[in-house]
Amino acid sequence: MATQPGAVAARARAALTGAIVVAAGSWGAAAGLLVYRLFASPRAAVGCAALAIMAVLWRGRYAGSMRRVALWVEEQAPALQYALVTAVDPQYSGTNDGARTAAVAAVNVGTMVGRAVIRTAGVPLLALAAATFVPAASYRRLTATVGDASNRLTPLTARVTPPTYARLPAHELSDPSTIPALVGSAVALQGRRGWRKDVTMPASPAAVRLVDRQFERLIVLDPIVDAPPTVVLTAPARDATIREPATGTLTLVAEGADDIGLRDGYFEYLITSGEEDVGGVHAREAHTGHVAFADTKTGTLRAIVRLETLGLKGGDLLSVRAVVRDGNTLSGPGVGTSETRTIRVATQQEYDSLALDAQPPQDVDTVDKVETGNRLYLRGPPPGIVVDVDRVRMKGTSTPDAGPRTPAPPSDTLRARIAARFAVAVARMAVDSLIVLRVDALTVGNAPLAAALNDAVTALGRGADARPALARAQRAIIGTPAASGTLSAWSGP
Amino acid sequence: MSEFVFATAKYESGDWDAAPLVPANLIDSVARYTAIDVAPRGVVVPLTSREMFEYPLLYVTGHLPLRFTDAERRNVQKYLDRGGMMFVDDHNHDTHGVFHQTATEELTRTAGRLVDLPNTHELYQCFFAFPDGPPNTTHELNGWGDNLVHDHLQAVLRGNRIEVLYSSKDYSSEWGYHPDSKRFNEVDNTRFGVNIIVYALTR
Numbered sequence: 001m002a003t004q005p006g007a008v009a010a011r012a013r014a015a016l017t018g019a020i021v022v023a024a025g026s027w028g029a030a031a032g033l034l035v036y037r038l039f040a041s042p043r044a045a046v047g048c049a050a051l052a053i054m055a056v057l058w059r060g061r062y063a064g065s066m067r068r069v070a071l072w073v074e075e076q077a078p079a080l081q082y083a084l085v086t087a088v089d090p091q092y093s094g095t096n097d098g099a100r101t102a103a104v105a106a107v108n109v110g111t112m113v114g115r116a117v118i119r120t121a122g123v124p125l126l127a128l129a130a131a132t133f134v135p136a137a138s139y140r141r142l143t144a145t146v147g148d149a150s151n152r153l154t155p156l157t158a159r160v161t162p163p164t165y166a167r168l169p170a171h172e173l174s175d176p177s178t179i180p181a182l183v184g185s186a187v188a189l190q191g192r193r194g195w196r197k198d199v200t201m202p203a204s205p206a207a208v209r210l211v212d213r214q215f216e217r218l219i220v221l222d223p224i225v226d227a228p229p230t231v232v233l234t235a236p237a238r239d240a241t242i243r244e245p246a247t248g249t250l251t252l253v254a255e256g257a258d259d260i261g262l263r264d265g266y267f268e269y270l271i272t273s274g275e276e277d278v279g280g281v282h283a284r285e286a287h288t289g290h291v292a293f294a295d296t297k298t299g300t301l302r303a304i305v306r307l308e309t310l311g312l313k314g315g316d317l318l319s320v321r322a323v324v325r326d327g328n329t330l331s332g333p334g335v336g337t338s339e340t341r342t343i344r345v346a347t348q349q350e351y352d353s354l355a356l357d358a359q360p361p362q363d364v365d366t367v368d369k370v371e372t373g374n375r376l377y378l379r380g381p382p383p384g385i386v387v388d389v390d391r392v393r394m395k396g397t398s399t400p401d402a403g404p405r406t407p408a409p410p411s412d413t414l415r416a417r418i419a420a421r422f423a424v425a426v427a428r429m430a431v432d433s434l435i436v437l438r439v440d441a442l443t444v445g446n447a448p449l450a451a452a453l454n455d456a457v458t459a460l461g462r463g464a465d466a467r468p469a470l471a472r473a474q475r476a477i478i479g480t481p482a483a484s485g486t487l488s489a490w491s492g493p
Numbered sequence: 001m002s003e004f005v006f007a008t009a010k011y012e013s014g015d016w017d018a019a020p021l022v023p024a025n026l027i028d029s030v031a032r033y034t035a036i037d038v039a040p041r042g043v044v045v046p047l048t049s050r051e052m053f054e055y056p057l058l059y060v061t062g063h064l065p066l067r068f069t070d071a072e073r074r075n076v077q078k079y080l081d082r083g084g085m086m087f088v089d090d091h092n093h094d095t096h097g098v099f100h101q102t103a104t105e106e107l108t109r110t111a112g113r114l115v116d117l118p119n120t121h122e123l124y125q126c127f128f129a130f131p132d133g134p135p136n137t138t139h140e141l142n143g144w145g146d147n148l149v150h151d152h153l154q155a156v157l158r159g160n161r162i163e164v165l166y167s168s169k170d171y172s173s174e175w176g177y178h179p180d181s182k183r184f185n186e187v188d189n190t191r192f193g194v195n196i197i198v199y200a201l202t203r
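Read top to bottom, the protein sequences are chains W and G. Under my numbering, the letters of the first sequence match residues 1 to 493, in that order. Under my numbering, the letters of the second sequence match residues 1 to 203, in that order.
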């Protein structure tokens, strides 16, 4: 083997360069394999491999320089006394070669370089072997550990600010799967490391899909619709007939209620006069002044109407109802109306037989009989026509032209579709599918199904047994067998 | 199979019995043109009663305000949910009239939004063919009421099926005559009533 200093340095450079190349390839392959096994992303794996290769090559870039290699050898073997560095320096080549050759020959440079090559290439080769042969289950465990630690979507908080008109305080929900709130509420979702997402509660149920790298999460928005107010007319309690001239006072009382708050209310009345066959029926409408409720949940409307101010004449009908409005400035206002009471002014001609006053509610049957008598008196008995079906059967002169009859669609296809999707969701045990299904259940107003699905999602999230909740959901979909009140569909011709 | 009984709805507000001859006239037409078993006499059913669930079609008419009581509204909603059909006809033939204004409001509140029924709907083909949609009435053509010839009927639909059929054409006046007088008509104007009944019984 030649012991010329230049040849020794050249061999060392070749060996170290080869080791660097092998190390770069091994680290790159190991990193790419690891990333691919963890995240199943070829693009990420190739990127990581390229980065690792470039990093190693950059770090070992001086292995290609003869002077740097010679210096590295001198550093490892100080006994050389710079003989090798001087030998590879073109400025001093050819002078005093014998002494330098002897100095280099006295040191075992090959063994020194061999150890360095083993250190440089051996470790990455072992890492590559480990990445190749470690079982897949270990990767899954590692993925789970890494995932839980770095998923920024869990836990999260939802801050719900109801619309201003509701005058309700804002509140926070901790790591909810469902967010119930009034329609129009501002919902701020916040998680770790400062992320925030603002949404407005829509009018119908929906799901918010949050994505953080490979992580994904669905949150159900469960809108609470501001129900329209209700109002019950308590006075007058029944319809009545009064004599002409219509004088005195009519006391009107109504009780209103709303789930959020009442804004105002009033009484509306409609006066119809005249007859169909004598000049036609005319109507005029009016209402009492508005009474403000200051957003209370219940309120009482009271008004006194002086009948003589209405100019009622014989035969006129006075129809009265109460109207209340809530304070919904977002999609409203919601309006509620009571049932209508009718006050009739009797004509002079009926006085000999008619003397009716308002009846208490418990005398409904009596009032009904009297009203029927009233109708008979005013209109005469209804014509008692009995059609002689046998005589006229199929004697019509016109020819029917029946069009093709098509079978009617199933009465409840939506329920059938939900049942089919539910079967798929159970088969896959997919939490997200169940959450989306819950949105549909909320949309169609199937509260038992929505509650059961929520329990199932919660149980699956905790790793608990979800089967009881899924069984309840199944029952909620199938429902109680019931007879259909409609005729069966016709088949095609 | 039980026979078809024509039912007139009785409601608390207004004059529900404003067209007493219509039931007999339509019963006569069903017998004349179809093989449907039909009862020779119609019935009157209060909208608060459970009897109404025995009849697949309810006829509602009047001149005066139509406003359901809470009990009536609940019953009507249940009736429609169970597949019943209501035919509501404005006896005033006047879209500015009190019946129309209160009835459309009440029906929207009780059953849902009224929409124009397309004149190609199968209601106009299911027995007699009415290619131009609902037949016009003499009251419309003479300019009475709102002086309009209404091109469409209105309906509350469940899917494509009619749940509530609403007419501003005043068929209650058009069909309000004794069935024996039908022989004087060149064209029987109650044929569309047969379509309504056939539709209610088969869809």
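Hints listed in this document are in silico derivations from the structure and should not be mistaken for laboratory results. Do not take every clue at face value.
In silico BS3-like links for lysine-lysine, alpha-carbon gap of 25 Å or less [stated by the list, open to error]: (1) K395/W / K182/G; (2) K10/G / K78/G; (3) K369/W / K10/G.
* Pair hint outcome, K395/W versus K182/G [Cα-Cα no greater than 25 Å] -> Cα-Cα ~12 Å, so holds.
* When you check the alpha-carbon spacing of K10/G and K78/G, does it fall within 25 Å? -> holds (16 Å)
* Hey, K369/W versus K10/G, does the alpha-carbon distance stay inside 25 Å? -> holds (13 Å)
Going through the hint list in order, the structure satisfies each hint without exception.
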